[in-house]
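Novice: Heads up, the sequence shown is in my numbering, so the first residue is 1 and it goes up one at a time.
The reader is advised that the hints may include incorrect statements.
Pairwise CB distance ranges, derived in the manner of DEER restraints [to be verified]:
| no. | residue 1 | residue 2 | range |
| --- | --- | --- | --- |
| 1 | E26 | V63 | 17 to 23 Å |
| 2 | R71 | L20 | 26 to 32 Å |
| 3 | I8 | E55 | 30 to 36 Å |
| 4 | E32 | H3 | 17 to 23 Å |
| 5 | R22 | H42 | 16 to 22 Å |
| 6 | P35 | S69 | 34 to 40 Å |
| 7 | R22 | T60 | 22 to 28 Å |
| 8 | L62 | G6 | 19 to 25 Å |
These are computed hints drawn from the structure, not numbers from a lab.
All residues carry an ideal CB built from backbone N, CA and C; glycine is no exception.
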Amino acid sequence: GSHKLGRIDGTSGKKVSDFLDRYPIEDATVVEAEPGDVVFFHYFTLHGSMPNRSEDVRKTVLVQMYAGSDRVEEGCQHPDERIALSGWNSRMTRQLANT
Numbered sequence: 001g002s003h004k005l006g007r008i009d010g011t012s013g014k015k016v017s018d019f020l021d022r023y024p025i026e027d028a029t030v031v032e033a034e035p036g037d038v039v040f041f042h043y044f045t046l047h048g049s050m051p052n053r054s055e056d057v058r059k060t061v062l063v064q065m066y067a068g069s070d071r072v073e074e075g076c077q078h079p080d081e082r083i084a085l086s087g088w089n090s091r092m093t094r095q096l097a098n099t
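Using the sequences and the accompanying hints, generate a full structural model.
Specialist: Structure, rendered in structure tokens:
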């Protein structure tokens, strides 16, 4: 799987213009999940989802496990880079969580 490629520079939480040229969506493995299903995968696995085009809200829960010695890398551009290590999304509100 793609996790065997190791870390791919420049892909942390952002779109890369030539990403789909390098890793065509046609080569992807589709994981069809039903409400209540749980999906586990290695954090190096290339992953994503298609846009939610329905009128329904798509809710997800993301749990990431890290070693106590893990640190945020310099230059990391992921928008939630510090949330994962601190364990709390300081921008989340009950109102947002319930939408």
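Novice: So which of those numbered hints doesn't the model satisfy?
Specialist: 1
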